[in-house]
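S.K.: Chains as they are written, first to last, in numbering that gives the first Met the number 0: chain R, 0 to 819; chain F, 0 to 440.
In short, the hints are calculated from the structure, not lab data.
Since we're looking at a predicted model, the values are computed, not measured.
It is possible that some hints are incorrect.
What the hints assert, rightly or not - Each pair of labels, with its calculated beta carbon distance range: (1) R:R214 <-> F:G85: 36 to 42 Å; (2) F:R95 <-> R:R214: 39 to 45 Å; (3) F:K132 <-> R:G91: 36 to 42 Å; (4) R:T18 <-> F:R95: 37 to 43 Å; (5) R:T18 <-> F:G85: 46 to 52 Å; (6) R:G91 <-> F:E285: 39 to 45 Å; (7) F:A333 <-> R:S391: 39 to 45 Å; (8) F:K132 <-> R:S391: 49 to 55 Å; (9) R:A532 <-> F:E285: 43 to 49 Å; (10) R:G642 <-> F:E82: 57 to 63 Å; (11) R:T18 <-> F:D102: 54 to 60 Å; (12) F:E217 <-> R:K333: 53 to 59 Å; (13) F:E285 <-> R:S391: 36 to 42 Å.
Unchecked claim - Away from chain F, derived, C-beta distances all over 10 Å, residues of chain R: (14) C16; (15) Y47; (16) D51; (17) Y314; (18) P335; (19) G345; (20) H347; (21) H438; (22) E465; (23) T473; (24) E572; (25) V648; (26) G776.
Beta carbons: idealized from backbone N, C-alpha and C, even for Gly.
Below, each chain spelled out in residue letters.
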Amino acid sequence: MTMTNEEVRIGVFVCHCGTNIGGTVDVPSVVEYAKGLPGVVYTERNLYTCSDEGVTAIKNAIPEHGLNRVVVASCTPRTHEPLFRRACQEAGLNPYLFDFVNIRDQCSWVHMKEPEKATEKAKDLVRMGVVRAARLEPLEYINIGVENTTMVIGAGVSGMTTALSIANRGFDVYLVEKEAEIGGMLRKINTLYPGNVDAFASLEPAIKKVKEHPRIKLFTSSLVKRVDGYVGNFEVTVVEKENEEEKEHNFKVGTIVVATGAEVLKPDGLYGYSEYEEVMTQMELEEKLKEKKLGEKREVVMIQCVGSRGQKVAYCSRICCAVAIKNAILLKGKNPDANIHILHNGIHVFGVEYEELYRKAMETGVRFDKYSPEKPPEVVKEDGGLKVKFFSELVREEREYKADLVVLSTPMVQHPDAIDLSKLLKVPLGLDGFFFEAHVKLRPIDFSTDGIFLCGTAHSPKFVPESVAEAYGTASRASTILTKSEVQTEGIVSDISQSICKGCGLCAEICEYGAIKINMYGPGEFGAEANRALCKGCGTCVGACPYQAITQRHFRDDQILAQVKSAYVPEEERIEIRPRILAFCCNWCSYAGADMAGVSRFQYPPNAKLIRVMCSGRIDPWMMVEPFFHHADGVLVTGCHIGDCHYVVGNYHAEMRVKFVQKLLEFAGIDPRRLRLGWISAAEGQKFKELIEGAVNEIKELGPFELEKHYDALVTVKEGVNNPRLRWIVGKIAETARYVKLEEKEIDAFFDEIIRSEFMAEKVTSMLESEESTIEGISEMLSIPVQDVLKYVAPLMDRGAMQISRMEGKKPFFIRGRVR
Amino acid sequence: MNGNKCVLVIGGGVAGIQAALDLAEQDFKVYLVEKTSSIGGRMAQLDKTFPTNDCSICILAPKMLECFGHENITVLSYAEVKEVSGEKGDFTVKVRKKPRYVDEEKCTGCSACVDACLLKDRFLDEFDMGLGKRGAAYLPFAQAVPRVAVIDEERCLFITKGKCGKAPACKEACERDAIDFEQKEEEVELHVGAIIVATGLDVYEPYEIEEYGYGRIENVITGLQYERMINAGGPTGGHLVRLSDGKPAKRLAFILCVGSRDLKRCPYCSSVCCMYATKSGMLAREHEEDMESFVFYTDIRAFGRGFHEYIERGMEEYGINFVRAKPGKITENANKSPVIWYEDTLTGELKRMEVDLVILATALMPSKGVEELATTLEVELDEYGFLKVKDPLYAPVDTTREGIFVAGFAQSPKDITDSVAQASGAAGRAGEVISFVSLKS
């Protein structure tokens with residue numbers, strides 16, 4: 000697969016991105032620097048490489064300068080990698096012969112006050128990109144057949160709308176609803192604006208259509224229990240509750256739409272809720288109105304923003320002002336003499352019809368008072384009834400209103416069990432608890448995971464028309480897959496070397512996707528094989544394999560090693576930035592979190608250089624050690640939060656490996672705090688900044704890593720990370736930790752023991768390499784009791800790593816055996 | 000070409016682009032008709048987008064390129080829909096393409112003609128909202144798609160007077176022989192199964208709100224003009240300057256609801272201004288540590304995902320000052336600095352504030368020409384010019400005519416996120432309707 004006998008000809012394109020990069024990084028000097036890098040035959044700088052002009056420049060340069068590798072140094076691969084890969088492809092170059100260097104989101108945007116250091120960092124990052132590019136190989140995409148069916152989870156207005164739209168396109172839909180009845184939140188709501196239509200009645204035609212549609216298979220009282228597979232080929236198990244019995248349904252779908260809706264917050268402890276029966280939420284008011292159980296109300300006070308905007312949740316729930324106004328008008332209509340007051344912290348209606356509704360409310364005599372969030376209203380029982388007391392900000396006086404009904408406008412919140420669904424589907428939840436979309440602006444109804452889409456209030460609070468529009472939207476998005484007979488997936492897959500593989504079975508066991516099987520080639524001869532179509536390219540097996548028999552295409556060990564070696568080259572350094580930290584980040588979470596820090600312009604010190612891998616599971620123990628041989632003072636391993644790994648298992652392995660290597664470092668007399676672990680989600684830009692700052696401060700205290708002083712010790716650590724027995728144990732224990740809760744202390748003691756055994760065994764065998772000895776002699780040399788020597792030595796004897804050299808009377812002398 | 004599987008998208012802004020891409024990926028053939036000479040719309044003019052403060056053109060450009068390069072999409076730029084007949088499943092549309100006097104196949108966007116034009120930098124640039132200059136031969140903007148020059152037929156010396164120096168300067172300069180003064184208006188006939196209207200917005204220019212001095216006081220500008228100023232690719236290279244004397248602007252005032260929520264002008268709420276004013280304050284502070292920003296508001300409408308948190312950040316981290324006031328008037332002092340006269344409604348005090356720049360967040364309205372288009376399409380508009388929908392609850396992207404859909408600002412004021420989601424919605428409906436029709440026939 001490697002390119003031999005072909006001269007590498009690299010083109011480097013450095014982007015100004017307007018002033019986003021150019022305003023901080025000295026782009027011309029980066030270009031100059033790139034010219035001198037090995038293999039670089041062409042350089043160019045662009046104002047916006049992603050523009051038509053920039054892309055055309057790349058496409059022209061490839062044939063004109065005979066480029067067989069392209070490096071673009073600009074924003075982040077997470078936005079433009081597909082664009083530049085396509086440009087290469089269109090110019091006849093395999094799209095995997097392209098490398099992306101992030102000098103904006105992870106450089107210029109986060110080091111705005113240190114332009115010189117940012118420039119030096121940009122140069123180093125370009126250097127790392129160039130050495131990686133030189134080692135890239137062409138890869139093919141894999142085409143996978145598509146099941147043109149969909150599963151829609153949730154049969155509220157959003158779920159029903161999207162299901163009907165997809166079914167009307169001629170595709171089969173499995174519609175899964177948790178409750179016994181379909182219709183969702185609208186079943187409980189009284190009326191909808193515009194039109195003041197009866198909510199449930201307006202939904203009935205759709206309910207009928209859903210139940211009668213020949214292409215919709217409806218499951219009620221059902222939950223999704225299992226989702227395996229990937230875009231075009233999801234394997235699903237749904238469990239249906241029927242009369243105390245559970246029935247399982249298994250089927251395959253090509254796409255999934257999440258339309259699970261939301262709930263309404265119950266403001267326990269606020270404003271007398273659950274204390275006084277006259278205090279209720281807007282939703283409870285809807286239900287009472289619908290059931291005609293409200294009774295006559297003459298003094299109504301509504302309080303807005305109860306629990307939202309920083310109280311129990313951080314966000315504004317978008318619809319509450321309009322809902323309150325709608326209900327206020329309704330109540331006023333029922334009883335024109337009633338006093339209806341809305342106490343608010345700003346009326347947040349927007350657009351055309353809701354602003355109109357606000358005006359109408361004022362015309363019908365609904366009164367609005369702005370309260371101060373610093374002095375929120377109080378609901379008290381006085382003179383036999385309720386009173387609401389507050390400070391009216393605009394007239395600057397204390398006021399109080401009698402109330403025979405207090406309505407609290409509380410926010411919509413995510414269902415508590417959404418976390419289960421998020422884990423099943425392996426899709427993230429945002430900081431606000433709602434499902435997290437691929438991109439807030441440009442991909443609001445997509446998940447990052449291909450083939451899964453999102454609509455309605457499962458995404459965030461919204462009005463019915465907005466949910467419906469989104470539902471038609473997800474039907475459209477899903478159709479972009481359903482209308483195809485094949486989709487392309489990544490070429491980044493695992494290859495297992497049959498000559499190195501010993502058939503231990505670890506990779507097959509840990510692969511979340513069941514992509515590896517063990518073949519039997521002969522009696523006692525086993526070998527693992529990875530299925531390219533099922534492999535998702537996480538690389539966890541690569542980092543786990545005890546014999547290091549597995550290669551991940553496009554993220555090979557030698558490619559990553561080249562980046563590690565070129566990260567810090569003191570001879571090239573014009574400004575010394577210490578401590579030097581090398582960070583490994585996973586594409587989905589921590590790398591995205593680093594980008595988020597950039598987008599948010601959180602500033603942090605320029606000491607860290609990031610190497611991207613697809614999953615933290617790819618981070619092999621050797622990567623945690625090797626940087627120290629190449630001038631690093633600290634190493635940072637980052638990934639998704641435990642339980643949120645995009646590939647499910649990767650970070651469990653990363654975590655265990657970090658503990659393992661820290662233990663090795665400790666044994667070798669190197670401060671284990673130089674190796675750090677951090678979990679960052681894609682939304683946690685602030686946390687990423689803090690992670691870097693923490694690493695810089697703490698490693699600064701440890702001082703620079705003195706390679707010369709610790710060289711031999713580091714070599715021992717390196718031997719430890721490459722030790723197949725230890726690697727196997729680490730892999731197995733990581734897998735175990737997924738199901739069995741292991742305490743920190745337990746893991747610590749465990750590693751202590753196994754590493755000590757290995758270390759000691761190593762010490763003994765190397766001792767016996769140079770001269771023979773008795774057991775007692777070994778005990779004396781190593782200053783450990785005889786019984787401990789026996790413990791370490793027994794397995795060596797057993798496997799022939801130690802053998803007798805001669806007898807002195809009745810005393811055996813031992814030397815290093817032939818077997819290792 | 001089977002008319003059934005084709006869709007016409009009118010408007011090449013982010014909503015039109017999203018709808019076109021969705022449909023193209025479902026193997027529909029899409030015609031994207033754009034009135035101006037490049038797709039990209041308003042989003043291409045912005046510097047950053049709230050609430051992530053992503054670089055606007057950075058996230059839009061790949062979509063523009065993908066759209067233009069897609070084998071299923073034909074972009075007709077500098078073109079307008081003139082006639083529509085037929086019905087859902089079978090529309091015949093006549094599109095008139097204006098001559099740009101430049102051959103799209105030959106032009107590489109090298110800008111030689113732009114530099115050579117004898118009238119270079121003589122006219123106000125539309126993309127820069129009148130703050131920048133262009134010549135008669137010009138490129139719409141740096142990241143234009145298609146990246147092809149345009150010659151303004153109303154200004155070009157050769158076209159209007161028959162003579163431009165010895166020979167037309169642009170023609171001389173062009174190495175690709177792409178200048179073609181023989182180009183004529185072209186009429187293209189399309190057969191489509193569905194139509195999506197995504198014509199976007201125009202900015203209200205408040206000359207008639209005399210008390211605010213727009214058009215009279217140099218240092219009073221609109222929100223989109225500010226956006227062009229702070230954009231690194233804009234007329235001032237990203238520097239915030241006083242238009243009167245070119246000195247750096249240090250104190251900014253944003254006035255919200257100018258023309259919006261106004262019974263005399265636009266009674267509705269333009270939905271995005273509270274957010275973009277806060278964004279503008281944040282961007283100013285990023286440029287210069289000592290920038291001071293004041294946002295004069297009535298209600299801060301921060302209702303979307305992440306919006307409220309964004310406003311809090313604007314206040315706490317970027318030091319934006321929010322003043323609850325609707326200024327009574329803006330005057331100009333001897334230094335040509337605007338002076339704002341207002342009542343702080345939370346304290347009751349009457350105050351005056353001198354600033355360097357006043358940015359009026361003016362009402363946003365449906366695009367000019369939408370009335371004519373609505374007549375052509377035979378769809379109904381509401382009293383403000385927004386396209387009416389068939390059922391405001393359950394058919395929110397269907398217009399009053401079957402087979403014609405709407406997305407984005409053309410339907411009602413909304414931001415990019417909601418426009419993109421709605422555009423996918425319109426694409427979903429268009430696809431559904433065409434497929435249904437095909438199944439039946």
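S.K.: So, for every hint listed, does it hold in this structure?
M.R.: Verification of the supplied hints:
R214 of chain R and G85 of chain F have their C-beta atoms about 29 Å apart, which leaves the hinted 36 to 42 Å range violated. In this structure the hint that R95 of chain F and R214 of chain R lie 39 to 45 Å apart at CB holds, the actual value being about 42 Å. Taken as a hint, the range 36 to 42 Å holds for the pair K132 of chain F and G91 of chain R, whose Cβ atoms sit roughly 41 Å apart. In this structure, T18 of chain R and R95 of chain F meet the distance hint of 37 to 43 Å, their C-beta atoms being roughly 39 Å apart.
The beta-carbon spacing between T18 of chain R and G85 of chain F, approximately 49 Å, falls within the hinted interval of 46 to 52 Å. Separation of G91 of chain R from E285 of chain F is about 41 Å and conforms to the stated range, judged on CB atoms against 39 to 45 Å. The supplied range of 39 to 45 Å is met by A333 of chain F and S391 of chain R, whose beta-carbon atoms lie about 41 Å from each other. The supplied range of 49 to 55 Å is met by K132 of chain F and S391 of chain R, whose beta-carbon atoms lie about 52 Å from each other.
For A532 of chain R and E285 of chain F, the Cβ-Cβ distance of about 47 Å falls inside the hinted range of 43 to 49 Å, so the restraint holds. Taking 57 to 63 Å as the suggested C-beta distance range, the pair G642 of chain R and E82 of chain F conforms, at roughly 59 Å. For T18 of chain R and D102 of chain F, the hinted distance range of 54 to 60 Å is not satisfied, since their beta carbons lie about 34 Å from each other. Restraint check, E217 of chain F to K333 of chain R: a C-beta distance of roughly 55 Å satisfies the suggested window 53 to 59 Å.
Against the hinted window of 36 to 42 Å, the Cβ-Cβ separation of E285 of chain F and S391 of chain R comes to about 37 Å, which satisfies the hint. Once the 10 Å rule is applied to beta carbons, C16 of chain R is inconsistent with being away from chain F; the minimum gap is 7 Å. Not every beta carbon of chain F lies more than 10 Å from that of Y47 of chain R, the smallest distance being close to 6 Å; the non-interface claim is violated. Distance check on D51 of chain R: its Cβ comes as close as 4 Å (rounded) to a Cβ of chain F, failing to clear the 10 Å threshold; non-interface status is violated.
Listed as a non-interface residue, Y314 of chain R fails to keep its Cβ farther than 10 Å from every Cβ of chain F; the least gap is roughly 5 Å. Separation of P335 of chain R from chain F is adequate, the least Cβ-Cβ distance of about 24 Å exceeding the 10 Å criterion. At roughly 4 Å from the closest C-beta of chain F, the C-beta of G345 of chain R falls inside 10 Å, breaking its exclusion from the interface. Chain F draws H347 of chain R into its interface by the beta-carbon criterion, the shortest separation being 5 Å against a cut-off of 10 Å.
Separation of H438 of chain R from chain F is inadequate, the least Cβ-Cβ distance of about 8 Å not exceeding the 10 Å criterion. The beta carbon of E465 of chain R is not kept farther than 10 Å from every beta carbon of chain F, the shortest such distance being approximately 7 Å. Annotated as non-interface, T473 of chain R brings its C-beta within 10 Å of a C-beta of chain F; the closest such distance is 7 Å. At roughly 29 Å from the closest C-beta of chain F, the C-beta of E572 of chain R stays outside 10 Å, upholding its exclusion from the interface.
Even its closest Cβ contact with chain F, about 30 Å, leaves V648 of chain R beyond 10 Å, as expected for a residue assigned away from the interface. Look at G776 of chain R: its CB is around 68 Å from the nearest CB on chain F, clear of 10 Å, so calling it non-interface holds up.
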